[in-house]
Amino acid sequence: MGPRDKPEGDGFQVSRFNRVLKINNLHVSVGDKPILKGLSLDVPAGEVHAVMGPNGAGKSTLGYALSGRPGYEAAEGAVAWKGEDLLALEPAERAAKGVFLSFQYPIEIPGVPALTFVRTALNAQRRARGEEEVSAPNFLKLVKAASEKLRMDFDMLKRPLNVGFSGGEKKRMEILQMALLEPSLLILDETDSGLDIDALRIVADGVNAMRSPERAMLVITHYQRLLDYIKPDRVHVLVAGRIVASGGPELAHQLEADGYDQYLPAAA
Amino acid sequence: MVAVKETIDAVAALEKYEHGFTSDIDTEYAPRGLNADIVRFISEKKGEPEWMLEWRLAAFERWQAMEEPTWASVKYTPVDYQDLFYYAAPKKKEGPKSLDEVDPDLLAVYAKLGIPLKEQEVLAGVEGAPRYAVDAVFDSVSVVTTFKKELQKVGVIFMPISEALREHPELVRQYLGSVVPVSDNYFAALNSAVFSDGSFVYIPPGVRCPMELSTYFRINASQTGQFERTLIIADKGSYCSYLEGCTAPMRDENQLHAAVVELVALDDAEIKYSTVQNWYPGDAEGKGGIYNFVTKRADCRGDRSKVSWTQVETGSAVTWKYPSCLLKGEESSGEFYSIAITNGHQQADTGTKMVHLGKNSKSRIIAKAVSAGKSDSTYRGLVSVHPKATGVRNFTQCDSLLIGKECGSHTVPYIEARNGSAQLEHEATTTRLSDDQLFYAQQRGLSQEEAVALLVNGFVRDVLQELPMEFAVEAQKLVAISLEGSVG
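So the sequences go chain by chain: A and B. Counting with my numbering, you get residues 1 to 268 for the letters of the first sequence. Counting with my numbering, you get residues 1 to 488 for the letters of the second sequence.
I should point out that these hints are in silico values taken from the structure, not numbers from a laboratory. Treat the hints with care, since some could be wrong.
Unchecked claim - A short, non-exhaustive set of chain A residues, derived as facing chain B with CB atoms under 10 Å:
(1) Val30
(2) Lys33
(3) Pro34
(4) Gly68
(5) Ala92
(6) Leu101
(7) Gly111
(8) Thr120
(9) Asn123
(10) Ala124
(11) Arg127
(12) Leu181
(13) Tyr260
(14) Leu264
Idealized CB from N, CA, C, for every residue including glycine.
Only chain A is shown next, with the shape it has when bound in the complex (with noise of 0.2 Å):
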């Protein structure tokens, strides 16, 4: 019985902790080296939160660690959405209540159709859910009104996911994903990274149509170009496995100008 069951008595106090993503002193070693040293995170739903941090702060291993990436156990800490354990669920189950991670290096699938693998992963997590699964036809249908809006050829869809794939090709594939299995929990990983300012709109036109108060998300990114598509409700500086600094979107435009080095002392 998740928290969701609970009779309506204290209904408000329910529905605000299941809406918010809660990253409380999370400790990630990988390997035997420390990169992830205590962070704490809320994220409420509804808003887009940025970590902006220097290479080497544990960005990406923030991302794999929410997401349940094998090798990036949390050692310490705790990670709640919608009042639901994370860290007690395998990928597929994280999959399953809403998380979904757009890689920076988007992996390619040789020999599966781009189309193959996002109906399977769609109807596996609706399976998951109980909910029915989706037929062919109207799969098609909504792929291709997704694919529409990202401006992205139909056809490229038949070929196998991501192989082959321009750096472009394969953000708005991520986006695509996204935009179909329609998570409530988003983080996204240095998504401007390898794209041009028109495919940047685009990806950003994308994921901005999924802003919802339904969903949260974080915006995984070394530089403020992305946040000016974006725009963040609040922005987290990432240094040396902590935040370090929070703040509104101005923050992001501090970092821009000043860098990261006034936070490193306070780090070390």
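Chain B: place on chain A using the hints.
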């Protein structure tokens, strides 16, 4: 009809056995062991003509003088040939009355293979199950029962080889052993001496066989070798597509399966031969399972003849199998598409031989090996070009996918080009199923097993596409089943 009955009886016998019934009363056996009298016994049981008996006895003599080959990259406990039964015919007896009496595990396997319920009844030998429903399961039988008239109308002969020996002795005599000679190899000689049954197909000139022909093999009785013999002749300008499916029950002991398949394609004829082999591979510790020592060869003796082998090998403890093509005709062509999946302690040494004797003959080899667990897989292939064969072309591609760290995969390609005009291409890759790919698929919602199945199906896609539609679906599921528990 004989095939229907045999299959039903066989499966019923198996069912009985699974329920712990160990006596032999329900099965008629030849005495244990092998000698000339056993060969005579088998021939007599089949009501064979005299020449066939002599043929068998000659084969038996040759076999006695031969030694079991050891060059394959497989290790197994030697077979005690005197400790086997060489003839086991399940007697007609009462089967289970309804599905409720059938071992639920067995039903689960059929369900997993996607065989619908009604056919399960037939497979399990439930009394009163509609016989026509067999059609849906065994296309071979469907042809015999439902389509026999239609096939006869166009002159196609499709029947058990034991029946063909009685009804069409001249055809059988002309072609039997003409592709795989009696003394070809140890197992072929053994098979020639003791084969019990198999399929016979003859497609007359110019006829395009109107439907898929298929046989579904199942090893039934315990401690019994299975030696089936298949002979397919495509006369001038004809075409047929033949499917072969194999499964076997789980037993602790190793069982021997030594089949011989001979294909003959005359001028402008085409044969497409597909196999989905899912013999019992043994348990997690490597105990039990089938020894699959099979000789399959096609003789493209006609000009512009074409033979295509497609195989999906997921079962057996040990596989030793090289479906080959003798490309004698000018512009004849041979194709070999193979998926070999090994898991647990399975060992597979498989590949093909393309022997180019005819001018402008061409061949194409696509072999995909997937190894998981502690299994070992070898691709062994020969492309040979005769001095007089000008304008030969071959393309070979061997890809290996490793899952986990304890399995092995080897590629042993032999190329013998004795004519300078030959164009031979060989490509080979070995990759490991990457953690990146697995995690990516899991992040999108696939369980680990679903992710492995999807990735492996992607890897073998080129070959799956060569299978007839209904087999492709079954094969896809088999891929998933055979790799269960292979990761993590």
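Structure-based check of each hint:
For the restraint placing Val30 of chain A at the interface with chain B, the shortest Cβ-Cβ distance is roughly 13 Å, beyond the 10 Å limit, so the hint is violated. With its C-beta approaching chain B no nearer than about 18 Å, Lys33 of chain A sits outside the 10 Å limit, and its interface hint is violated. Interface restraint check: Pro34 of chain A against chain B, minimum CB-CB distance 21 Å, threshold 10 Å, status violated. Interface restraint check for Gly68 of chain A: the shortest CB-CB distance to chain B comes to about 8 Å, inside 10 Å, so the restraint holds.
Annotation: interface hint on Ala92 of chain A holds; nearest CB of chain B at approximately 5 Å, less than 10 Å. A distance limit of 10 Å between C-beta atoms decides the matter here; for Leu101 of chain A the minimum to chain B is near 5 Å, and the interface restraint holds. With a least beta-carbon distance of about 3 Å to chain B, the hint placing Gly111 of chain A at the interface is held under the 10 Å criterion. Because the smallest distance between the Cβ of Thr120 of chain A and any Cβ of chain B comes to about 6 Å, under 10 Å, the interface hint for this residue holds.
Against a cut-off of 10 Å between C-beta atoms, the interface hint on Asn123 of chain A holds, since the closest Cβ of chain B lies about 9 Å away. Interface hint status for Ala124 of chain A: upheld, as the beta-carbon distance to the closest one in chain B is roughly 4 Å, under 10 Å. Evaluation of the Arg127 of chain A hint against chain B yields a held restraint, the C-beta minimum of about 9 Å falling below 10 Å. For the restraint placing Leu181 of chain A at the interface with chain B, the shortest Cβ-Cβ distance is roughly 7 Å, inside the 10 Å limit, so the hint holds.
Checking Tyr260 of chain A against chain B: minimum C-beta separation of about 28 Å lies over 10 Å; hint violated. This hint is violated: Leu264 of chain A has a C-beta 31 Å from the nearest C-beta of chain B, more than the 10 Å allowed.
Violated hints for the displayed structure, listed by number in ascending order: 1, 2, 3, 13, 14.
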